[in-house]
Amino acid sequence: MSLTTQIRSGLQAQGLPTPTLSWIQSAMPRHNPPPPLPALIATVKTRLLIADLTNPAILELPVPAFPPHLSNPEVKEIKLTQDIPVQVLDIDNLTKSKWDQIEELEAIARGEQTRGREIVRLPTGNEEDDGASEGASTASTQSISSGRPGVQARGASASNAASAASKTSTHRLVLQDCKGQKVYALELKRMEKIGVSTLNIGEKIMLKRGATIARGTVLLEPATCVILGGKVEAWQKAWVEGRLVRLKETVGSGNQN
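The opening residue of the sequence shown carries number 91 in my numbering; numbering runs sequentially from there.
None of these hints come from the bench; they were simulated from the model.
In this text, all values refer to a predicted model and were calculated from it rather than measured experimentally.
Below, in silico cross-link-like pairs of lysine-lysine (DSSO-like), each with a Cα-Cα straight-line distance of 27 Å or less: (1) Lys283 to Lys135; (2) Lys321 to Lys186; (3) Lys188 to Lys338.
If you anchor each label on the Cβ, the simulated ranges turn out as follows: (4) Pro146 to Lys188: 34 to 40 Å; (5) Lys272 to Val330: 15 to 21 Å; (6) Ala199 to Ala129: 30 to 36 Å; (7) Val316 to Ala132: 15 to 21 Å; (8) Ala132 to Ala199: 27 to 33 Å; (9) Val330 to Arg280: 20 to 26 Å; (10) Asn122 to Leu179: 37 to 43 Å; (11) Thr110 to Ser287: 32 to 38 Å; (12) Ser187 to Leu93: 51 to 57 Å; (13) Lys338 to Pro126: 45 to 51 Å; (14) Thr144 to Gln102: 17 to 23 Å.
Virtual Cβ for every residue (Gly too), placed ideally from N, Cα, C.
Just need the whole structure built from these sequences, with the hints factored in.
Next up, the structure:
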């Protein structure tokens, strides 16, 4: 069995879309001798998850895609008959106010997330020493938390409230299949990995056989929706910036809901 065939088998075993042997060859690192097989599979997996799935050179034919007329709202309900890989083009938290969404997106743009009254600095790709950065972030967080009496208690309370709110959130996504077809998707059951600060634009999802499409909308639930990971960096940056502009315009017009 060739090395590219072994890599493809390794990707399939992880539930990933099946790429062509030629694409795998192009995605492999140029080392002689080549790295161990697990390292090669991990490298090709990473490159697959950051790729645009609509590129016809990536996946083997026949490409698994949504059935025709999927978005027709007159079709009451259908079930997918095969696993379909998709990528995320948009995400919206239907239970958050516009102001809350603006604050969340601004934190993402800065490489930060808020947790209660603490600020946690996330990696942005520019750190020279991850360990030192993590230590500095921890020290900064501790100093913020301990700077005033009662902040830790309030921070824990706010964090618990945010966690509870997250568990009751409902998100709507725009998904795109490998043929470029776009469809709305809605959380039927809460999935922790789906969130504005946890799901990236361009991230890959595998919709499993048996997933329900009702009135042109995919209903997302853990049994039939597997988050694979990944991100298309340029899409993510453009989405954050564009959504911030749209939200601020909406808030400026007086609609804050």
